Each structure stands twice: as structure tokens, then as C-alpha cells.
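K.L.:
Required output: the full structure, derived from the provided sequences and hints.
Protein chains in written order, with the numbering used here: chain A, 1 to 227; chain B, 1 to 745.
Since the hints were made in silico from the structure, they are not lab data.
Since this is a predicted model, take the numbers as computed values, not measurements.
Here a beta-carbon is modelled for each residue, glycine too, at the ideal position from N, C-alpha and C.
With a straight-line Cα cutoff of 30 Å, these simulated DSS-like cross-link-like pairs (lysine-lysine) come out:
(1) B:Lys-58 with B:Lys-368
(2) A:Lys-74 with B:Lys-336
(3) B:Lys-451 with A:Lys-27
(4) B:Lys-417 with A:Lys-116
(5) B:Lys-336 with A:Lys-27
(6) B:Lys-451 with A:Lys-23
(7) B:Lys-326 with B:Lys-213
(8) A:Lys-23 with A:Lys-116
(9) B:Lys-142 with A:Lys-109
(10) B:Lys-336 with B:Lys-296
(11) B:Lys-417 with A:Lys-109
(12) B:Lys-451 with B:Lys-417
(13) B:Lys-331 with B:Lys-201
Residues from chain A shown here face chain B by an in silico Cβ test under 7 Å; the list is partial:
(14) Pro-9
(15) Ala-19
(16) Phe-51
(17) Ala-141
(18) Asn-199
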Amino acid sequence: MRTAVILLPGLNRDRDMIAAITKISGKPPVTVWQTETEIPNVDLIVIPGGFSYGDYLRCGAIGARMPVMEALRKKAEAGVRVIGVCNGFQILLETGLLPGALMRNASLKFVCREVKLEVTNAGTPFTASYRQGEIIRCPVAHHDGNYFADGETLARLNGNGQVVFRYAEGSNPNGSIEDIAGIVSEAGNVLGLMPHPENLIETAHGGTDGRGIFENALGLSDLAGAA
Amino acid sequence: MTIRNSIPITPELVEAHGITPEEYERIRDLTGREPTFTELGIWSAMWNEHCSYKSSKKWLKTLPTTGPQVIQGPGENAGVVDIGDGECVVFKMESHNHPSYIEPYQGAATGVGGILRDVFTMGARPVAAMNALRFGEPEHPKTRHLVSGVVSGVGGYGNSFGVPTVGGEVEFDARYNGNCLVNAFAAGIARTDAIFLSEAKGVGLPVVYLGAKTGRDGVGGATMASAEFGDDIDQKRPTVQVGDPFTEKCLLEACLELMTSGAVIAIQDMGAAGLTCSAVEMGAKGDLGIELDLDKVPVREERMSAYEMMLSESQERMLMVLRPEKENEAKAIFAKWGLDFAIVGRTTDDLRFRILHQGEEVANLPIKELGDEAPEYDRPWIEPGAWQAIDASQFPEPDDYADAILQVLGSANMCSKRWVWEQYDTLIQGNSLQLPGGDAGVVRVDGHETKALAFSSDVTPRYCEADPFEGGKQAVAECWRNLTAVGAEPLASTDNLNFGNPERPEIMGQLVRAIAGIGEACEALGFPIVSGNVSLYNETNGEAILPTPTIAGVGLLPDYSVMARISAMQEGDAIFLLGGAGSHLGQSIYNRIVNGRADGPPPPVDLFAERHNGDFVRSAIRNGQVTACHDISDGGMVIALAEMCIASGKGAVIDAGETAPPHALLFGEDQARYLVTVKAENAGFFALNAEGAGVRFRQLGTVGGESLSLTAPVAIAISVTELAAAHESWFPAYMDPAVHAEAAE
Numbered sequence: 001m002r003t004a005v006i007l008l009p010g011l012n013r014d015r016d017m018i019a020a021i022t023k024i025s026g027k028p029p030v031t032v033w034q035t036e037t038e039i040p041n042v043d044l045i046v047i048p049g050g051f052s053y054g055d056y057l058r059c060g061a062i063g064a065r066m067p068v069m070e071a072l073r074k075k076a077e078a079g080v081r082v083i084g085v086c087n088g089f090q091i092l093l094e095t096g097l098l099p100g101a102l103m104r105n106a107s108l109k110f111v112c113r114e115v116k117l118e119v120t121n122a123g124t125p126f127t128a129s130y131r132q133g134e135i136i137r138c139p140v141a142h143h144d145g146n147y148f149a150d151g152e153t154l155a156r157l158n159g160n161g162q163v164v165f166r167y168a169e170g171s172n173p174n175g176s177i178e179d180i181a182g183i184v185s186e187a188g189n190v191l192g193l194m195p196h197p198e199n200l201i202e203t204a205h206g207g208t209d210g211r212g213i214f215e216n217a218l219g220l221s222d223l224a225g226a227a
Numbered sequence: 001m002t003i004r005n006s007i008p009i010t011p012e013l014v015e016a017h018g019i020t021p022e023e024y025e026r027i028r029d030l031t032g033r034e035p036t037f038t039e040l041g042i043w044s045a046m047w048n049e050h051c052s053y054k055s056s057k058k059w060l061k062t063l064p065t066t067g068p069q070v071i072q073g074p075g076e077n078a079g080v081v082d083i084g085d086g087e088c089v090v091f092k093m094e095s096h097n098h099p100s101y102i103e104p105y106q107g108a109a110t111g112v113g114g115i116l117r118d119v120f121t122m123g124a125r126p127v128a129a130m131n132a133l134r135f136g137e138p139e140h141p142k143t144r145h146l147v148s149g150v151v152s153g154v155g156g157y158g159n160s161f162g163v164p165t166v167g168g169e170v171e172f173d174a175r176y177n178g179n180c181l182v183n184a185f186a187a188g189i190a191r192t193d194a195i196f197l198s199e200a201k202g203v204g205l206p207v208v209y210l211g212a213k214t215g216r217d218g219v220g221g222a223t224m225a226s227a228e229f230g231d232d233i234d235q236k237r238p239t240v241q242v243g244d245p246f247t248e249k250c251l252l253e254a255c256l257e258l259m260t261s262g263a264v265i266a267i268q269d270m271g272a273a274g275l276t277c278s279a280v281e282m283g284a285k286g287d288l289g290i291e292l293d294l295d296k297v298p299v300r301e302e303r304m305s306a307y308e309m310m311l312s313e314s315q316e317r318m319l320m321v322l323r324p325e326k327e328n329e330a331k332a333i334f335a336k337w338g339l340d341f342a343i344v345g346r347t348t349d350d351l352r353f354r355i356l357h358q359g360e361e362v363a364n365l366p367i368k369e370l371g372d373e374a375p376e377y378d379r380p381w382i383e384p385g386a387w388q389a390i391d392a393s394q395f396p397e398p399d400d401y402a403d404a405i406l407q408v409l410g411s412a413n414m415c416s417k418r419w420v421w422e423q424y425d426t427l428i429q430g431n432s433l434q435l436p437g438g439d440a441g442v443v444r445v446d447g448h449e450t451k452a453l454a455f456s457s458d459v460t461p462r463y464c465e466a467d468p469f470e471g472g473k474q475a476v477a478e479c480w481r482n483l484t485a486v487g488a489e490p491l492a493s494t495d496n497l498n499f500g501n502p503e504r505p506e507i508m509g510q511l512v513r514a515i516a517g518i519g520e521a522c523e524a525l526g527f528p529i530v531s532g533n534v535s536l537y538n539e540t541n542g543e544a545i546l547p548t549p550t551i552a553g554v555g556l557l558p559d560y561s562v563m564a565r566i567s568a569m570q571e572g573d574a575i576f577l578l579g580g581a582g583s584h585l586g587q588s589i590y591n592r593i594v595n596g597r598a599d600g601p602p603p604p605v606d607l608f609a610e611r612h613n614g615d616f617v618r619s620a621i622r623n624g625q626v627t628a629c630h631d632i633s634d635g636g637m638v639i640a641l642a643e644m645c646i647a648s649g650k651g652a653v654i655d656a657g658e659t660a661p662p663h664a665l666l667f668g669e670d671q672a673r674y675l676v677t678v679k680a681e682n683a684g685f686f687a688l689n690a691e692g693a694g695v696r697f698r699q700l701g702t703v704g705g706e707s708l709s710l711t712a713p714v715a716i717a718i719s720v721t722e723l724a725a726a727h728e729s730w731f732p733a734y735m736d737p738a739v740h741a742e743a744a745e
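P.N.:
Okay, here's the thing in C-alpha cells:
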């Protein structure tokens with residue numbers, strides 16, 4: 001049950017993520033700076049949100065080319081669970097570990113609000129404690145969360161059950177195609193999502209709907225063990 | 001614009017630098033010679049209104065700034081207040097009005113960047129931000145552009161830097177048509193034994209430049225901010241700085257890391273007047289001279305003159321005095337974060353400010369006179385005129401009360417500002433307990449089980465215009481009341497005084513009387529001013545803004561599990577009005593919006609009642625008696641009720657009595673009042689408590705149903721859905737008319 005959190009300059013939800021993982025797993029994660037070429041043996045690797053390198057180029061494009069990302073790729077290929085949230089999701093797309101792209105929000109504005117997510121695949125290692133079709137609350141906070149992929153890729157994602165979260169009806173904050181909020185890799189061990197489950201894991205946050213994703217990934221929920 | 005350092009200093013050049021002939025005489029007396037061109041720039045930067053507070057200093061000195069909780073009052077980068085457990089809150093509010101009018105995105109962004117830097121320069125990690133924004137009337141052709149640019153600039157910087165924006169204000173008035181206001185607030189948390197100050201200590205120590213490189217942006221910005229706008233405004237665009245929140249975020253992490261290493265003796269961020277102001281401040285405060293070698297300054301443009309380098313307002317830069325033995329450790333930290341690190345000078349014992357450039361001494365000035373001993377004026381002022389009291393019965397009642405309520409709720413100034421704050425990251429850091437839209441933003445203190453801080457920013461400029469003294473009092477009282485309404489104990493405040501040209505006696509009168517009101521209220525409420533900023537010359541073509549002394553305050557909640565929220569009304573709760581019935585309609589929102597009238601005095605603030613009622617409400621909240629609470633301000637009791645119904649998604653049945661004209665009972669803006677809801681079974685006990693405490697109260701009714709229903713003084717019922725629609729629609733309809741129309745179909 002060990003976690004590593006990847007750090008890059010400009011990421012800014014790293015402290016939220018570290019706090020959430022510490023509260024959920026009872027253990028602070030190890031942190032791995034962008035220039036490292038090895039990631040220690042862990043059960044879960046997380047890339048938190050923020051604005052790596054200011055997002056002055058395409059979001060996540062520079063971060064995806066840092067030395068630590070090669071180590072991350074090897075771990076992902078070896079089956080280690082990986083979660084990329086927000087900028088972390090953008091980075092995972094830029095590394096090619098997940099398909100598709102995130103464009104500027106349809107409103108052209110940053111948006112921070114709570115949305116509703118539909119769990120569209122409860123059979124992944126990240127969603128096993130949720131019911132298929134369950135609607136959960138989750139905040140979003142981003143400027144470039146408008147998911148896009150070509151028809152062929154979408155067909156493949158849908159066919160393989162790789163779309164894990166969709167914005168529930170009337171809740172799409174950014175214009176994402178088919179309301180896609182989060183996807184997994186074909187092998188199922190890499191999850192990328194725009195919303196911030198780490199900001200909804202305790203009563204003081206006003207809810208705990210996001211907690212399950214981390215509990216599942218870390219094998220801490222009863223159902224996750226059975227999945 | 002490479003001008004030789006040796007060019008003759010003409011009266012025209014002196015005037016172009018905003019220096020009066022008398023001030024110029026004084027400069028010559030102090031140095032015994034004509035200044036060089038670079039020196040003229042330095043004098044101008046240090047002696048302008050923005051940096052020297054020369055018109056306001058005399059009056060600012062009268063403000064209460066101390067208290068057992070105050071660790072550091074005005075004079076440093078930010079104020080510091082004890083919050084217990086060895087920790088303190090570091091905060092300040094500062095304006096970026098002129099730059100934001102010229103270039104709204106960058107002006108607002110760098111305003112946020114500047115205030116964040118002020119906070120982390122002192123060793124605090126920023127945990128909350130607020131923004132008080134004031135724009136011209138919605139119909140003015142520039143307003144939409146300014147709102148859009150300023151809001152995305154505030155968001156663009158704060159969101160990327162990673163601080164939650166938990167509160168603020170947005171207001172429209174024709175008097176800001178030519179001069180919008182952007183007042184940015186930031187607060188951070190530090191250890192009380194690890195506060196960093198700007199006072200340099202020790203002779204012969206390295207002065208180190210850190211952060212981003214120096215460019216030509218912002219040259220003369222502080223001087224621009226100290227002048228009125230004319231029609232040549234667009235030519236001033238090049239003086240606005242450009243923000244880089246990514247570099248600032250790296251600078252934050254690098255500075256906090258460096259501070260932990262014990263290397264930092266003194267630190268000062270480069271804000272207004274950049275290198276000049278920061279170096280002079282460090283030297284003058286420490287009774288030391290400073291020598292700078294400009295050839296060592298990291299630059300991003302070629303052939304910059306000494307004048308340009310000394311006056312550049314390039315962002316994300318810091319100046320420090322470091323322990324020499326820690327130099328390599330410090331360098332390594334900055335290299336990790338990809339930031340420049342250069343030794344650009346040293347401290348000396350001769351109290352001179354000496355600048356070297358390309359082997360030449362381009363400036364050599366007495367450092368104390370530049371800093372501590374800048375001119376101070378006692379400008380002439382006149383007592384502002386006062387309105388005769390107008391009885392509420394003199395103002396017309398609305399034809400239809402329900403329509404009037406919806407009209408007020410859906411107006412530009414009273415509508416929901418969700419369109420604005422949804423563009424700000426309100427949740428980052430994972431500690432936000434109350435978001436914008438309530439009385440105060442609340443953020444819990446990291447690493448503490450129960451403690452939280454509350455933040456609010458307030459001023460009612462139309463009250464200040466009608467009576468600067470009462471308006472100044474009211475700004476403080478409302479801020480204090482908003483903190484109280486969530487259950488926080490107000491600790492201290494920061495003032496951001498925005499006024500017109502102080503050389504006009506009537507404007508100076510507004511400033512003098514507003515400060516007097518602020519001081520009286522701060523004193524009475526035990527709410528000292530610990531930091532602040534003065535922004536004068538907010539005029540365009542001779543028309544001044546409304547006097548706008550923004551007050552931002554910080555409160556402490558020892559246990560956030562018993563805080564109150566505007567949105568927490570429960571079915572069946574009893575609703576109480578505390579502080580007496582409404583009676584005062586002068587300067588009310590109702591009169592402005594429904595009657596189109598702006599006459600009469602503002603509601604007077606009884607500071608004794610304010611404190612008494614507030615202390616009662618806070619204690620009731622902390623004893624767990626209160627479910628929801630909201631202060632009564634703009635729009636009066638009925639609008640406060642409607643806001644609670646909207647936020648809670650619940651209706652209410654109300655009997656407000658018939659003790660005064662109905663419109664005064666419903667819309668009167670009498671001060672020191674709150675609405676609270678308590679569980680039905682506690683209603684009797686709560687009423688007894690209020691009676692025992694001598695707090696005027698009335699049980700108005702009960703929470704329940706789908707509508708806000710009044711039986712007295714008038715019989716009306718409006719569904720909560722209708723209230724919410726009126727409240728939420730103005731802003732999106734104004735800013736995104738196409739999108740809004742589509743959504744409505």
C-alpha cells in the first residue's frame with residue numbers, strides 16, 4: 001500500500017493529493033521529483049493537478065518530456081496502477097499512455113464548480129466500490145478539460161469499457177465529447193480524469209464521494225479486493 | 001529610450017517625473033547638486049504618492065494598529081496576527097487600479113501576484129485570496145471588456161499559483177466608468193518564530209537578486225499610479241507589467257525552502273518601483289547603505305540603461321541579504337527551481353544608495369532621505385457636506401412588493417456573482433470550508449483538527465460618498481459583522497483606501513473623514529488595522545471615483561464544526577431577526593433601484609450595538625444554537641432572507657410586523673443586524689437568551705415550504721425557484737448573452 005506522487009514545477013494540487021492519500025491510507029506518499037530516473041517500488045503512482053511549466057505550451061507537453069516520465073512508463077507497462085488528475089491527466093495524454101487530447105473549455109473560461117459524474121465502468125481497479133451507473137459528486141477546476149478523440153478512438157474506448165466517468169446529464173462543464181470525464185488505459189491500470197476526487201474525501205470537504213477511487217486503487221475497500 | 005545619464009535636468013523633465021518644483025528644491029538641498037537622470041528617476045519613484053504615502057501619512061498614523069494579537073502592524077510587506085499554537089496569519093490588501101484599467105488581464109494578474117509576494121516574502125505560505133472589484137455602469141461601452149479581462153486575470157494568476165479565492169466583492173457604478181478598482185487581498189500562515197522582515201543587518205553582506213529577469217516592463221509604473229488619467233491613457237499601456245504565475249509559484253517554493261535553511265537575514269520583494277524601492281527599504285530600515293552593481297543584474301533585454309533597470313517593475317523578483325556562508329546552499333535551491341540567483345551588491349556603513357553601471361557611478365544618494373524621510377504633506381481639506389435626515393415615509397412604496405424584491409435581487413449589484421467566482425479556483429489546497437456567496441470565506445488551518453480562519457472584504461461606497469465618516473465606520477462594521485456571522489472572532493483588518501485627487505480639498509476631506517470613521521470603528525470593535533495601501537488620483541478627466549475605503553478582515557474559528565452558514569436553514573427552524581426592525585431608507589439599494597433615488601444620509605452605525613449584537617450572535621453560534629446565519633446589509637432584511645432561502649433551497653413563512661412603513665421594515669439598511677435560524681425546540685431558549693443579553697429580537701417565522709411567504713407587513717409569496725432565477729441570471733445574461741439565450745431556450 002505504498003504510493004508515489006510525482007512532482008513537477010508548477011503543479012499546485014500536490015499538497016491536496018499528498019494530504020488526501022495520507023488521510024486515506026494512513027501513510028504519507030513518497031514524492032518523486034521530475035529529474036529522477038527511477039520510481040521506488042510502490043502500488044500506486046499519482047500525478048497531481050496544477051499548471052506544470054505554467055502550461056505556457058500545450059498543457060502537460062513539457063512535463064510529459066521530463067526524465068521521470070520514462071520511469072513512469074516502465075512502471076505502467078509493468079502493471080503498476082497510475083492516476084493522473086487534471087494536469088496529471090493532460091500529462092498522461094501527452095506521454096501517450098492514454099489516448100485523446102484535452103482542449104480549452106468550450107466556454108473559453110476557467111471553471112471551478114461541483115459537477116455530477118456517472119460511473120460508467122465499475123469494473124476497473126479504481127471504481128470497484130462504486131455501483132455501475134452510480135452518480136457521484138466531484139469538483140472540477142480547470143481551463144483545458146474539453147476531452148476530444150477521433151471516432152475510431154472513441155469507438156475503441158467505448159468498446160473496451162475504457163470510459164470510466166462521464167459528466168452526468170446537464171453537468172458537462174467543458175464541452176467534452178460524449179461527456180467524457182475520465183478514461184483508463186486498455187490494460188486498465190492507468191486512470192486519467194479531469195475532476196478532483198482528492199478535494200472530496202472527508203466531511204470537512206462536504207462529502208466523501210471521491211474517496212473510493214483512492215481506496216480502490218490502494219486495495220483498501222472491501223469490494224476492491226474482490227474485483 | 002536610451003537617454004544618457006548625464007542629460008541636463010530641465011523643469012519639464014522634473015515635471016514629467018511627477019516631482020513638484022518645491023520637492024525638486026528639497027532634492028537639491030539634500031544632495032548639494034543637480035541629480036543625474038538615473039537619480040531623478042529614483043527620487044521620483046521613492047517620493048511619489050504610491051510609495052511615500054505623502055498625502056495620507058499624517059492621517060494613517062491615527063489608526064489603531066495594536067492589540068495583544070498583533071505581532072506586526074503596518075510598515076512591513078504585510079501585517080502579522082497571532083492565531084495560537086505558535087502560528088500566525090500574515091495578510092494585506094493592495095490596489096492595482098490604474099494598470100487594470102489600461103490592460104485589464106495583466107493589470108489584475110500582477111495585482112494578485114504582487115499581494116501574494118508580499119505575503120510569502122514574510123515567510124508565510126498563502127492560504128486564501130480575495131478580490132474587491134469595482135467597475136463602471138454596465139451600460140458603459142468599456143465595462144464588459146474590463147470585467148472579462150480583470151476576472152480572467154485574477155483567475156489566471158491565482159489559479160495557476162495555487163491559492164483558493166474565497167471571497168471578494170463585485171460592484172458597478174457610473175463613477176468608476178473611467179477608473180475601475182482592483183483591490184487584491186492575500187493571507188498566508190507562518191510560524192510566529194519564523195517571520196522574515198525587510199530590515200537589513202550587518203555591513204559588507206551580499207545583496208542577492210532572485211527570481212525572474214529584469215526587462216523594460218513597468219518602467220515608471222508607480223509614478224503612473226500616482227497621477228490622474230487624461231485622454232492620453234492608451235499611450236500608457238507599455239508601463240503595465242506582465243505576470244508569470246509559474247515563476248511566482250517556483251519563487252514561493254524556493255523562498256520557503258531557503259528560509260528553512262537559515263540563510264535569509266532580510267528579504268524584500270520587488271513591487272512598485274522594483275529594484276529601487278526594495279533596496280532603499282532594506283537599507284533605510286536597517287540604517288545601512290546599499291551599493292548595487294547593475295552589470296550583475298539578470299536581464300532579458302539588451303542595452304538597458306541604469307534608469308530603466310532601477311525603475312523596471314518586472315514581476316516575480318526578490319532581493320535578499322543572505323548569510324555569506326550559506327551562499328552555495330541558496331544557489332542550489334534556486335537552480336532546482338530554475339530561477340536566477342545573482343549577487344548584485346553589498347551592504348555598507350555609509351547610509352548612501354550607490355548605483356554602478358558599466359564602470360560608472362550613476363547614482364549616489366542619501367538612503368534615509370529617500371526612504372524614511374520622504375516629504376509628508378498636510379493637505380488642505382474641507383468637511384464634506386451632510387444630508388438632512390429623511391424619514392422613510394418620504395420615500396415612495398413600490399407598486400408591487402414581490403416585483404420590487406425580484407428587481408433588487410436581479411440587479412447588477414445585488415445578483416449572484418457566481419459567473420465571477422466560478423472562474424476562480426475556490427477549492428485548491430483542500431481546506432476551503434465556505435466558498436464565495438456567503439458572509440465570509442472560511443479556510444481551515446492545515447495540520448490543526450478544529451481551527452479555521454474566516455475572511456471578508458467590505459465597503460459601501462455610496463454610503464462613503466454621502467457621509468465619509470459614517471461610511472468609513474460602516475465598512476469596518478460590515479466586515480466585522482460578516483466574520484461574526486460565520487462564528488469567527490474578528491482578529492484584525494487591512495485597509496485599501498481608494499480615493500480621487502488629494503490635491504482637491506473636497507477629496508482630501510473624504511479621505512480624512514473616512515479614516516476618522518475607520519479608526520473609530522476599529523477602536524470600538526477591537527479590530528486593529530495591521531497593513532494597508534492607499535490609492536489616490538483615481539480620477540479621469542477631473543471626475544473622481546466614489547470614495548472607496550475597502551476593509552478586509554480576518555477572523556478565527558477555534559472549532560469549525562460549530563460555524564454558521566447562510567445555506568444551513570433546516571425545515572421547521574425558527575427564524576429570528578436580531579438588532580431591531582428596519583427603518584432607514586436613505587442611501588438604500590431599494591431607493592436606488594426601485595425609486596431611482598440616491599439621496600439622504602446613510603444608516604448611522606451604533607458601534608456599541610454593533611459589538612453587543614455581534615458578540616451575542618457569535619456566542620450563540622459557538623454554543624451550537626444556530627443553524628444558519630446571515631448579516632443584514634445591502635437590500636435590508638427581506639433581501640437577506642431571500643438570499644438565505646436561495647442558498648438553503650428552502651422557503652420561509654414570515655410575519656415581520658407592522659411597526660414601521662412596510663418598505664422600511666423590508667428594505668431598510670439599519671446596521672448591526674442579523675438573521676439567524678435555530679431549531680424549533682430551541683426557539684424559546686434562544687429568545688430568553690436574547691432578552692437576557694439585552695439584544696433586540698423578533699421571531700419572524702419558520703423555515704419551510706417552497707416559497708418565501710410574507711403575511712405582514714404585506715402579503716406576498718415568491719417561490720424560491722423564482723428568487724433563484726432572478727438572482728442567478730443577471731451576470732451570465734450580461735457577460736455571455738448568446739450562451740445565456742441558448743440555455744434559456
